[in-house]
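Chain by chain, the residues:
There are 2 protein chains.
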Amino acid sequence: MPKTIEVTELILRDAHQSLMATRMAMEDMVPACEDIDKAGYWSVECWGGATFDSCIRFLNEDPWDRLRKFRKLLPNSRLQMLLRGQNLLGYRHYEDEVVDRFVDKAAENGMDVFRVFDALNDIRNVRQAIKAVKKAGKHAQGTICYTVSPLHTVTGYVEMAEQLVDLGCDSICIKDMAALLKPQPAYDIVKAIKEACGEELRIHVHVHATTGVTMVSLMKAIEAGADCVDTAISSLSLGPGHNPTESLVEMLEGTPYVTKLDKSRLLKVKEYFAGIRPRYKEYLSNITGVETEIFDSQIPGGMISNMESQLKQQGAADRLKEVLCEVPRVRKDAGYPPLVTPSSQIVGTQAVFNVMMGRYKVLTGEFADLMLGYYGTTLGQRDPEVINLAHKQARKNPITCRPADLLKPEWDQLRSSGLALKGCNGSDEDVLTYAMFPQVAPKFFSTRQEGPKNLGKDPSAKPAAAPAPGGNAETGKGPVMSTISYDVKLNGKTHKVTVAPSA
Amino acid sequence: MPKTIEVTELILRDAHQSLMATRMAMEDMVPACEDIDKAGYWSVECWGGATFDSCIRFLNEDPWDRLRKFRKLLPNSRLQMLLRGQNLLGYRHYEDEVVDRFVDKAAENGMDVFRVFDALNDIRNVRQAIKAVKKAGKHAQGTICYTVSPLHTVTGYVEMAEQLVDLGCDSICIKDMAALLKPQPAYDIVKAIKEACGEELRIHVHVHATTGVTMVSLMKAIEAGADCVDTAISSLSLGPGHNPTESLVEMLEGTPYVTKLDKSRLLKVKEYFAGIRPRYKEYLSNITGVETEIFDSQIPGGMISNMESQLKQQGAADRLKEVLCEVPRVRKDAGYPPLVTPSSQIVGTQAVFNVMMGRYKVLTGEFADLMLGYYGTTLGQRDPEVINLAHKQARKNPITCRPADLLKPEWDQLRSSGLALKGCNGSDEDVLTYAMFPQVAPKFFSTRQEGPKNLGKDPSAKPAAAPAPGGNAETGKGPVMSTISYDVKLNGKTHKVTVAPSA
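So the sequence lines, in the order shown, correspond to chains A and B.
The UniProt record's numbering applies: residue 1 is where the first sequence begins, and numbers increase by one.
The UniProt record's numbering applies: residue 1 is where the second sequence begins, and numbers increase by one.
Do not take every clue at face value.
Same chains, same label: a pair holds when it works inside one copy or across any pair of copies.
[Stated by the list, open to error] Derived pair list, reagent style EDC-like, types lysine to aspartate or glutamate, alpha-carbon separation capped at 20 Å:
#1 Lys268 <-> Glu322
#2 Lys263 <-> Glu293
#3 Lys131 <-> Glu162
#4 Lys260 <-> Asp296
#5 Lys268 <-> Asp296
#6 Lys191 <-> Glu223
These are computed hints drawn from the structure, not numbers from a lab.
Please put together the full structure from these sequences, using the hints given.
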């Protein structure tokens, strides 16, 4: 009997986040739900990541309402979300009670599987969220962010898996957000975790397709014992997205592995999204082929385009190569964090600053926080001299405790501030929306009654047709994390530097 | 010590044939040659296939001159070509002396490795070409066209490999022109051929990327003992093209296999062709993602778009689904030929005729020839009733001999006709050009002195800029095989049906 390989479908979350800047409207997903629900997936990722932010920032959609709709439309499916540990879906650490309440509400509104990760792989930053998921009786998936450095080893990943199991995780995800996971390490890591934690521990593998090797990595992970892999329906796959679901099904034919996916359903889902894709042309990633330079540079493609635009703003587009050389240095000084939101932006921006103003002459507030331990701990030792500079510039002491331990209870304050906003409906869900995005939520609450804005456009309409509804399409491509502005003095002149997220 | 996996680079032939309709001008390849030559490839495929036709039909380039230039520009590389057995680079069978002379001249002008195939896998159709290659002291690569049918088995492929070895082939190529080769059969076939023919027999694997599984197939073929694989530099890879060279290099890291390719050279080649690609935008394939339906339909993507346009011409675009259902039936009746030029066009067009006019009410001349054995033999038995119809309609008897055995010596006649053409330079090379393309060569000879026409366009130029030089760009996308027109009577009305090649 061949072993069944389970599949998580990414089309409703990470696929459109990676390929069309998270802009897909709920309205454009609804018609595909019945086929997705009946195709035989282990789970359907449909919430979390950047979708919450995108809903309220661009789509005038209530993310909680989206979740409840998915629950109704996918009655046979496990709903899955991506949760940034102690950051939840926002971009700072929240106090534990907020984490508990968020997880509770997500579970109550229909979420089944919580994939919980921390950008630094600091286990202390996922502990509370995992505890909350278990308490809610849901599936807690502990996540290892895969990266490559002189310090990252198979043994290290196994230790992290063991710690996640100790926290009560129901499964482990190896998350390769930058398509760095090659076939041999994929095999070695899955094999070693299975050996250390037992064959019965579920291992899920999440890879992106950017480098053109990760379909092979999925095969090798499966041969090593992986139980479930993440793919996206082919019409919204590849490039910075994921490997195609249909190809995975076909790849296994004749092997000792098989999926239980219904190919005729997959074909319908594919054809449906092939029709939707052109509506979001203006948000589509330019990258359609593969990029393998990242194996040497360690710099994700999205991060490079960000640094390029930062340099352009300062009339220094010609210094990109210097910045690209500086990134590995900064990453080393910061203790080799994986490069994923938010660490990729923090490291990339500091590299730009180093090249423009001299190495560590000016530190961004975020980079200082990273060096001082306010994001958590890193695998490598952080450079003591740079820590010292951060200490002086930021006037903060380095910490070694779990960052959230320094936070005071904040729920009551968040609740009263949230409820005071015009248009807030008084629910805890609204308070959580406000807690996550205090700058964006007020406007969203005030316009919510106008209903969702679909940014998709009829591709047959003329390019110069009516502007995108909602009026905020000007932010254009790229993920949707808040942009931060700095005023930077250079040779006596002040420069405005904005930092937007990359991955 | 890891085993070295050799690589054949396809960028100068099949990559642009598959992705930009074979339109790349020699001028646009020259600057990359030094890096290609020094990157460490086993061979560089740069000639044959549709390039010969494209040179004289669209580019006003002498294909023999192109070959001599490659010989000079790639002094350290084995030059490789694709040769259609007894068809050479044309679309009919040639008498053996013409085959000998063509191979001799190709060798004399610089060709090293001849990949020889027959669309029907009829070994008798490659025998003479392989003999000629051996006589010229060059590398003869016997080719197995991979396809899937109830009759195609691993054992069958092994038998064909053994026959090719018996003919004196220096290596075997498994050629998967439709991206049908899945990982497990890739492993099984390579393994079985090595076991039957000896470990020392070189096996090369050629796959296209269309279905999204074949990078894994390459990995499995390598694990089974394959010695050399075909890839294309990433900036002109994927879609209906091939897997990216750089990804192959990275894929093997940490495995018991390694390439000896120079990554810094590959990066230069990549960047160079990334700049060239937009110049051929109007010829670029629309397909950038993957298509897995072919696994069920057995119909290559290019063949579908061809049948679509045939149906459209007759105002019957809505009958595509019927035609798609008819193709497997026609293929079965024809003895399960692989679907590759020219069998894909012959089967596809007959399927269109069957749907439009009733099953086998009208046979195309080519389909009748196929049924009667004039293209060679097929693995499956051809349907006796359809053979009978073909016999009646075409007024020809079925044959079982090697088709070329029926041909009379033709070189002297070809030579005198060729030399009589205005602009013919009197060389045997020119006579062979004429022999290959008697309709196109006369015009080419008469315009050759005007020099090559580069159909690439500055992508920053306005779309409505000057028309493509050469004035024959109107043939548009698609491969370059001759188009055949039929006048077909349907319900008393005459319809013009044109048949163009698909793959």
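Q) What are the numbers of the hints that this structure violates, sorted from low to high? A) none
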